[in-house]
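Visitor: Read off the chains here:
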Amino acid sequence: MGGKVTCTLGEVKNRADLIIYWGGNPADCHPLHFSRYTLNAKGKHVPQGRKGRTMVLVDVRETPSVRFSDIFLQVRPGKDFEVVTTLRALLKNRPVDEARVAETGLTLEQLQNLVDRMKNARFGVLFFGMGLTMTRGKHMNSAAVLTLVAELNAFTKFVSMPMRGHGNVTGADVVMRWTTGFPFGVNLSRGYPRFNPGEFSTIDVLVRGDNDAALILGADPGATMPQPAIDHLARIPTIVLDPKLTHTSRLARVHITTATTGISAPGTAYRMDEIPLPLKPILKSPYPTDEEVIRRIYEKVKVKPAWSPAAYAKVPCA
Amino acid sequence: MPPTTLENATCTFCGCVCDNIGLEADGDRIVKTKRACGLGEAWFKNHTAERLYPDALIDGKPASVDEAVEAAADYLYQANMPLVYGLSNITCEAQRKAVALAELVGGVVDSHTSL
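Residue numbers (this note's numbering), protein chains in the order written: chain A, 27 to 344; chain B, 2 to 116.
Hints in this document: simulated from the structure, not taken from any laboratory. Among these hints, one or two may not hold up.
The list that follows gives simulated cross-link-like pairs (lysine-lysine, DSSO-like), each with its CA atoms no further than 30 Å apart [said to hold, decoys possible]: (1) B:35 to A:77; (2) B:33 to A:270; (3) A:326 to B:35; (4) A:77 to A:145; (5) B:35 to A:70; (6) A:270 to A:310; (7) A:68 to B:33; (8) B:62 to A:330; (9) A:310 to B:62; (10) A:164 to A:183; (11) A:164 to A:68; (12) A:68 to A:330.
Quick list of the computed label-pair ranges, beta carbon to beta carbon [what the hints assert, rightly or not]: (13) B:27 to A:136: 40 to 46 Å; (14) B:27 to A:249: 26 to 32 Å; (15) A:136 to B:5: 51 to 57 Å.
Stretch-level coverage of chain A by chain B, calculated; a stretch enters the list once three of its residues show a Cβ under 8 Å from a Cβ in chain B [stated by the list, open to error]: (16) 57-63; (17) 191-197; (18) 209-216; (19) 236-247; (20) 306-320.
Just so it is clear, CB atoms sit at the ideal spot from N, CA and C, and this is done for glycine as well.
Modelling step: build the complete structure from the supplied sequences, incorporating the hints.
Guide: As structure tokens, this is what we get:
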């Protein structure tokens, strides 16, 4: 689990009486989250369902999720980190500067009220989205929230969970963790895994122009990434595997059409709480699966002489 | 033949990965979904099994999968530091192979998590 204090969505459903969504809009982006896992679900220890739970929404603007919440806290953009650290201070009864709290767009009373609710919850859960993790502070915001939640366990049971966007992005974390030891942004160019977000994360690699080829698997960076990153993808040999012709396919040297995951390709996908679920394809695709194509590329490369320094070490020097 | 109706299918559109979706297919397309949200319904109905695109493209020209696999392997082998990116919309089995390939070619492997 990467060290975070977390649980499954089944536990949230059956136990949570305080549900906080921070920097996300589940009503639009995860429409069934409320009914299947959190707010409206009737749980073993929350038999009243919605009436037995309190929902707090923290965001920089009013979204359609606001009408589902009991309390909406509107943070000034870019002030999430300050809010989390203030909550941590209040949790430990440390003095805080009221004027500086006001800069976050919230009042001390609002934050004290939230801390009291957190401490008095039977089982609290904090879901955090890209509004927290991708804005000013980035991974420092995530670290602050995870620390806050860990510290709350001195008072009550409290867990956190990131709201994952893509269908199997959690699976990518899990698979990379058990194969390389790190969840993402792993550099294997020295023959062993190195992890350094900001250096080996895709946008940074592309914008600096560090890589001299790219294999894009079921993603469309050509439509979503900053222009310098897209320019670099067009400059180098880019290979795309995707069920559709994407923006990235158009700038790639090689595109291979593959079967759609879960609809015509079987396999496993991880839910956001790291529960693996089997995929049940209903259609038979005329295209090969991603798994098959990657395996075939692997086999083609495998028969070529190895690049690894270890292989060259065996060559006697003059 | 794959089934034409399916109970408890798994939707991989978002991180909720709802596994209670009812599906009904007619030939190459899914015509009905049950218990899916708006996003899930669009996901299932917009991905058909029709042959809408060429099997593969090399430099924008239609090619066979064999040729494309060969070209991809050559590019990745010749690169000093290739980047393997994406992984968020493919199965865990494919992700595992992708990590193995990244190790073999000595590259960086990364997913949408880093965005």
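Visitor: Please go over all the hints and tell whether each is borne out by the structure.
Guide: Hints, one by one, checked against the model:
Distance check on the hinted pair: residue 35 of chain B and residue 77 of chain A sit about 27 Å apart at the alpha-carbon level, within 30 Å; holds. The hinted pair formed by residue 33 of chain B and residue 270 of chain A meets the criterion: a straight-line CA distance of about 22 Å does not exceed 30 Å. For the given pair, residue 326 of chain A sits about 42 Å from residue 35 of chain B by alpha-carbon distance, which is inconsistent with the 30 Å threshold. Among the hinted pairs, residue 77 of chain A with residue 145 of chain A is consistent with the structure: their alpha-carbon atoms are about 19 Å apart, no more than 30 Å.
For the proposed pair residue 35 of chain B and residue 70 of chain A, the alpha carbon gap of about 26 Å is at most 30 Å, so the pair holds. For the hint linking residue 270 of chain A to residue 310 of chain A, the alpha-carbon distance of about 16 Å falls within 30 Å, and the restraint holds. Using a Cα cut-off of 30 Å, the hinted pair residue 68 of chain A and residue 33 of chain B holds, with the two alpha carbons roughly 28 Å apart. In summary, the hint linking residue 62 of chain B to residue 330 of chain A is supported, as the alpha carbons are separated by about 26 Å, within the 30 Å threshold.
This hinted pair checks out: residue 310 of chain A and residue 62 of chain B have alpha carbons roughly 25 Å apart, not beyond 30 Å. With a CA separation close to 26 Å, the supplied pair residue 164 of chain A and residue 183 of chain A stays within the 30 Å bound. This hinted pair does not check out: residue 164 of chain A and residue 68 of chain A have alpha carbons roughly 34 Å apart, beyond 30 Å. Note on residue 68 of chain A and residue 330 of chain A: the hinted pairing is violated, with a Cα-Cα distance of about 58 Å set against a maximum of 30 Å.
At roughly 54 Å, the beta-carbon separation of residue 27 of chain B and residue 136 of chain A lies outside the given 40 to 46 Å, and the hint is violated. The supplied range of 26 to 32 Å is met by residue 27 of chain B and residue 249 of chain A, whose beta-carbon atoms lie about 31 Å from each other. Distance hint check: the CB atoms of residue 136 of chain A and residue 5 of chain B are about 54 Å apart, consistent with the given range 51 to 57 Å. Residues of the segment 57-63 of chain A with a Cβ under 8 Å from some Cβ of chain B number 5, which satisfies the need for three, so the listed coverage holds.
Remark: the segment 191-197 of chain A is confirmed as covered by chain B, as 7 of its residues place a Cβ nearer than 8 Å to a Cβ of that chain, reaching the required three. Coverage of the segment 209-216 of chain A by chain B holds in this model, with 8 residues showing a Cβ closer than 8 Å to a Cβ of that chain against a need of three. For the segment 236-247 of chain A, the stated coverage by chain B is satisfied: 11 residues place a CB nearer than 8 Å to a CB of that chain, which reaches the threshold of 3. Judged by the Cβ-Cβ criterion of 8 Å, the segment 306-320 of chain A is covered by chain B as claimed, because 14 of its residues qualify and three suffice.
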